[in-house]
Amino acid sequence: MTKYLDLSIIEINELLKSKKIKPIDLVNECFDRIEANKSLNAYITLNKEEAIKTAIELENKEVDNILFGIPIAIKDNILTKDLRTTCASRMLENFNPIYDATVIKKIKEKNMIIIGKTNMDEFAMGSTSRTSYFKAPLNPWNQDMITGGSSGGSAAAISARTVLLSLGSDTGGSIRQPSAYTGIVGMKPTYGRVSRYGVIAFASSLDQLGPMTRNVYENALLLNAIVGKDELDLTSVEREEEDFTRYIGKDIKGLKIAVPNYFMSDIVSDEIILKIKEVIKLLEQAGAKVDYIDVPYLNNAVTLYQIIAMGEASSNLARFDGTRFGYSYPNPKNLDELYTKTREEGFGAEVKRRIMVGSYLLSGDNAKEYYDKALEIRDDMKKSFDKVFESYDLIIGPTTTTTAYKQTEALDDPLKSFMDDVLVIPVNMAGLPGLNVPVGFSKDKLPIGMHIIGNSFEEAKMYMLASYIENKLNLNLNPEGENHE
Amino acid sequence: MENKLTKEEVMHVARLARINVSEEEIERYQVTLKQLLDEVKKIRDVKDCDKELMFSPTTHLARTREDEVDNMVSFDEIKKNAPKVVGDYIEVPVMIND
Amino acid sequence: MNDYKTTIGIEVHAELKSNTKMFSSSKNDFKTRPNSNISVIDLGYPGTLPLVNKGAVELALKAALLLNCKINKRMHFDRKNYFYPDLPKGYQITQARTPIGVDGYVEIEVDGVTKKIGIHDIHIEEDTAKSIHNETTSYLDFNRAGVPLIEIVTYPDMNSKEEAMAYLERLREILLYAEVSDCKMEEGSMRCDVNVSVSKNDILGVRTETKNIGSISSVGMAINSESLRQIKVLEDGGSIREETRRYDEASDQTILMRVKETGNDYRYFPEPDIPFIELSDEYINKIHDNLPVMPNVLRKKYKELNINDNNIKTIIANKDLCKYFESFVNDTNPVTASNLLTGDIMGYLNKNNLSINDINLDISNLKKLIKVIDDKKISSKQAKQLIPVMLETGKDVDVIINEMGMVQISDDKVLQELVDKVISANQESVNDYKAGKDRALKYLMGQIMKESKGKANPSEVNRLLVDTLRSI
Chain B
1 MTKYLDLSII EINELLKSKK IKPIDLVNEC FDRIEANKSL NAYITLNKEE
51 AIKTAIELEN KEVDNILFGI PIAIKDNILT KDLRTTCASR MLENFNPIYD
101 ATVIKKIKEK NMIIIGKTNM DEFAMGSTSR TSYFKAPLNP WNQDMITGGS
151 SGGSAAAISA RTVLLSLGSD TGGSIRQPSA YTGIVGMKPT YGRVSRYGVI
201 AFASSLDQLG PMTRNVYENA LLLNAIVGKD ELDLTSVERE EEDFTRYIGK
251 DIKGLKIAVP NYFMSDIVSD EIILKIKEVI KLLEQAGAKV DYIDVPYLNN
301 AVTLYQIIAM GEASSNLARF DGTRFGYSYP NPKNLDELYT KTREEGFGAE
351 VKRRIMVGSY LLSGDNAKEY YDKALEIRDD MKKSFDKVFE SYDLIIGPTT
401 TTTAYKQTEA LDDPLKSFMD DVLVIPVNMA GLPGLNVPVG FSKDKLPIGM
451 HIIGNSFEEA KMYMLASYIE NKLNLNLNPE GENHE
Chain Y
1 MENKLTKEEV MHVARLARIN VSEEEIERYQ VTLKQLLDEV KKIRDVKDCD
51 KELMFSPTTH LARTREDEVD NMVSFDEIKK NAPKVVGDYI EVPVMIND
Chain R
1 MNDYKTTIGI EVHAELKSNT KMFSSSKNDF KTRPNSNISV IDLGYPGTLP
51 LVNKGAVELA LKAALLLNCK INKRMHFDRK NYFYPDLPKG YQITQARTPI
101 GVDGYVEIEV DGVTKKIGIH DIHIEEDTAK SIHNETTSYL DFNRAGVPLI
151 EIVTYPDMNS KEEAMAYLER LREILLYAEV SDCKMEEGSM RCDVNVSVSK
201 NDILGVRTET KNIGSISSVG MAINSESLRQ IKVLEDGGSI REETRRYDEA
251 SDQTILMRVK ETGNDYRYFP EPDIPFIELS DEYINKIHDN LPVMPNVLRK
301 KYKELNINDN NIKTIIANKD LCKYFESFVN DTNPVTASNL LTGDIMGYLN
351 KNNLSINDIN LDISNLKKLI KVIDDKKISS KQAKQLIPVM LETGKDVDVI
401 INEMGMVQIS DDKVLQELVD KVISANQESV NDYKAGKDRA LKYLMGQIMK
451 ESKGKANPSE VNRLLVDTLR SI
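Sequences listed follow chains B, Y and R, in order. At position 176 of the first sequence the residue is numbered 176 (the numbering used here), and the sequence of numbers has no breaks. At position 44 of the second sequence the residue is numbered 44 (the numbering used here), and the sequence of numbers has no breaks. At position 405 of the third sequence the residue is numbered 405 (the numbering used here), and the sequence of numbers has no breaks.
The following block holds chain B by itself, in its conformation from the complex (with noise of 0.2 Å):
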C-alpha cells in the first residue's frame, strides 16, 4: 500500500506538479483505505466510478492550483449532482440531485476530487451522529466510542486518514465538537462566509459550512477555496478576497486573549481544563496576553437554541412531504395519510423530536412569548461578544465538556445532547467563526480540542493562534501511530 495520503498537500502538490506521482494513484490511495476502515462506517456512498474518472481527466490538465487533484469527501447534506445525498435519512435514500451546491461547484473548479458523501446524524440533528439512518459512524481513535456529531462521519473519514480533506456543516458546533473528539483540525467559518445554496437547511440563521482538516494550514488552503460571495445565497457575504493561511507561522506575541470564565466553569471535565490551562500558560509563555473575563449571557445559548434552531429546522423540513421528491408512502388512502405516514416513516425518532419540539414552540402564544425573547437575548449575545472583541483579538477555551463517551451511552436524554454543545453554540448564534485545533489526550487516549472563537471575518487570525498551538505542541494526530500522550 502506498503512503501519499501521510504527506502534506504541499508536498503531494510538488510530487502532481512533477509528475512523479498522478490524481489516480490519490484516488486509488483513498478507496484502499477506506476500504481497510470500513468498519468506521464513515461514508454512506462512495463516488468511486466517477472519482477514478476525474482522476484520470485530469491527467491531461495542468496543475493549477494547490488542491488539484486533492481527493476529498463531502457532508452528505451538501448536494452533490448525480450523486446521491441522503443527509443520513431514510427520506432522502434514493435522493439524486439534480444540482450541485455551490460549495461543489467551488471544489470541482479547483479540480478537487470528490471521494465520497460522509455519515452524520439524521438531518444534521444530533452530537453523536448516531441518529444516522445508516448507523454511526465509529471513533479511529476507540471504535467503541462515538465521533461526535453531526459531521461525525467527516471526522472519522479525515481523522483514520482515508482522505485529505472534508467539507462538514455547524449548526450547533457541528464541526467543531466531532473534530475536537477525534483529534482534527475543523473550522466553522463566520456566517455569510460560504454559500448555503445545495446544503439541505437545519436552522437557517446558525447553519454554516467549513472545513476539517488533519492540520491548521490545510484547514485554511480549503477555506481559501470555499468562500465568497454567492448571488444565490442573499446571507452570502461579499469581502475583499483574502489569503487564509497568511498569518500562519506569524508570532503571536501581543496576542490579546480572553477567555470567559463560563467556559472554564464545573459544566467541563477536569482532564480538559487542565489541559487548556496548560496550552495558557504555552501561549503566556510565548508573549499573549491572556485574561479570565465574564462574558455574560453565553449560559442561555442552550435555551436560545432549542427555540431558534428547532423552529427554524420545523420549517425547513416541512418541504419533505412525500409529493415532490424523497420517500412517499405508498399507496396512501388521502392526502393526510401521504403526509403523516411520510413524515413519520421517513424521518427517524430525533428529527420527528425535533419538529415536534420546533412547531410546538412556534404554535399559539409561543412564538410572542419565547421566539421573540429568544431572537433578543440572541442580539444581547451577540453584542457581549462584540464588547469582548473590543478589547481581544480572540477567545479560547475547551471546545467539549467532555472527550469522546461511549456508543452505548443513552441516546434519548435530549438535553444531554445539547450540553454536549454548550460551549460551541454561541458562536453559531452571534455568527461567528470558531476553530477546535487538537491540544492533547486524555488518559484514555482520547483527543481533546482547544476552541478558538474570533471576530466575524477574523478567521485568518485564529488560523495564526492554531497553527501556534498546533506546531509547539507538535502532536501526533494518527490514531494508528504512537506518543498518544
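In short, the hints are calculated from the structure, not lab data. Glycine included, each C-beta is placed from N, C-alpha and C at the ideal position. It cannot be assumed that every hint is accurate.
Here chain B is said to cover these stretches of chain R; the calculated rule only asks that three of the stretch's residues, wherever they fall, bring their Cβ under 8 Å from a Cβ of chain B [stated by the list, open to error]: (1) 33-46; (2) 295-306.
Each computed SDA-like pair below joins lysine to any residue, with the alpha-carbon atoms no more than 20 Å apart [claimed, not checked]: (3) R:K31 / Y:I96; (4) R:K384 / R:L340; (5) Y:K79 / R:S138; (6) R:K130 / Y:I96.
Given the coordinates of chain B, assemble chains Y and R onto it according to the supplied hints.
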C-alpha cells in the same frame, strides 16, 4: 400547575407538524414537551440589555436581482425524483378544502 | 331588520405584472404548458434559497404609494407555515411584521358622497401552485408557484355592498393604471375575500370570511346575502361563528366551507434566508415622482373639459384607449375627440377584436379629422364612412376626403342656386309649406341634399331654404 400537556395539545402539535404519532409517543410528548417548555420559560426571566431582536447574524442588506428570466429547469429533470408523475403534472391524492 | 348595520372589510390578492417570479428567476407566466416555467426554487427543492425580484418590489412599492400608504423603509419577510400540496416549501414567504405599506386609504364615491376606505396594510408574498382535480386525485402545476402577489387589507370601513363594490372598482383601476397588475378577476390575477359582520350597535359583530369571489358584482351579491343570513341567524336567536364561507352564484347564497380553527396556527417567524431590504428615500421619491396619473384625476379633468359622463366612463374603463386619448387631449377639441374614440373608432376596434395599440392610429391624422368635423367640412355621416378607411389604410384624412369626393358644399352662392332650382321644380310643395304643412320643408330639404349628392352643408341649406321660402 399540571406537569404535562394534555393529549389534545400534543395532537395539535403533531397535526401542525403532519407527523403520525402513536399513543405511546403522545404520552411521552405530553411529559417531554412540558419539561422543555418549563425550561424555555426561564428565558423570560433573563434580563435583556435592549429590546432589539436578532433574526440572523447577517448585517448586510439583501441584494435584489434584475427581473429577468434565468435558471429554469425542465419538468423532465423534476421527474427524476418525483414519486408520482402523470403527463405534465405531479400527482397527489385529492386536495380537500377549496 | 333595518336597524342592523353591516360592516365590511376586504382582502385583495393581486398578482404583480413582473417578468419573473418573486423569489426565483422563473418566468411569470402560468397560462402555458403545465410545469414549463419552473425552477428548483419554485419546487422547494432541498438546499434552495430565495432570491428577491427587484422589479416585483418596485411594483409593490408603486401600489403602496398609490394607496397612500406609509412605507416601511426597512422591511423583511416572514414565513407563514402550513401544509398543502400547492405550497411547495410547506411555508409561504410573506410579510407579517413589516409589510411594505401601512395605513393608507382609497377614496371612493357612492351617490355623490365621498368616503375614505382605510388600508390596514399592503404586503408582498408568493402565490401557490395551480391544481386540477378529479374524484380521487389532484394534479399540480407549479408554473404559478412563486408568482409575486400583493395582498391589500382594508380596515372594516365599508358599510354597504355599494361601498365595497366602489372600493374594488377604484382599487382595480389604480392597480391597472399603475401597471402593477392585470387585475383580471375571472382569471384569478385579482382575488377577493370579504369579511362581513352585522351589528345593532357600535360594537362590531362576529365576522365571517367569504373567500375567492369571482367578480365585483358577485362581491356585492355575496355581501348582501351574507348580511341577510347573519341577520336572520341573530333574529332567530342564534349567534354567528367565525368561519370561512364561499359564495354560490347559482343559489345566491354563501355556503360554509370550514369553521376557523382556534386562531389559525401559522407559526410565523422571520425568514432567515432573506436579509433586510432598505428602500431609500431617494428611491421612493423617484418611484413616487414617476407614478402615472390616476383615473380619479383624469375623471375630474374630463368633466371639466365637458366630455359627457358616458364617454368618460368608456375611456377610463379602457386603459389603453385612455392612454392614447391622454397623449393628445390637451391639443385638440376633447369633446369631438372623445366622441370619435368612444363611438366609431371603438366600434371598429370591437368589431375587429382589436385594441387601440394594434392599429397605429396616427395622432396628427386623427387631429386633422377632428378639425374637419369641427369646421363642418364633412358631415358626421361622411365621417362614419371615412373612419374605417382611415383605420384600415392609414391614409391622410385630406386624401381620403378627396378620393371619396366628400368635401361639403358650404359656399352660399352654390347652395342658393340649388335651393332656387329645387323650389322652382317643386311649386306644389312650396304651396303646402305656405299652407303650414311642415312636412313640405323636410321634403324640399331632402330634394336639395339629393341634388347635391349629399355634399351640401345641411344647416346652411336649411337656413337658405327657410329664408328663400319666406321671401316668396
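Violated constraints from the hint list, given by number and in increasing order | 2, 3
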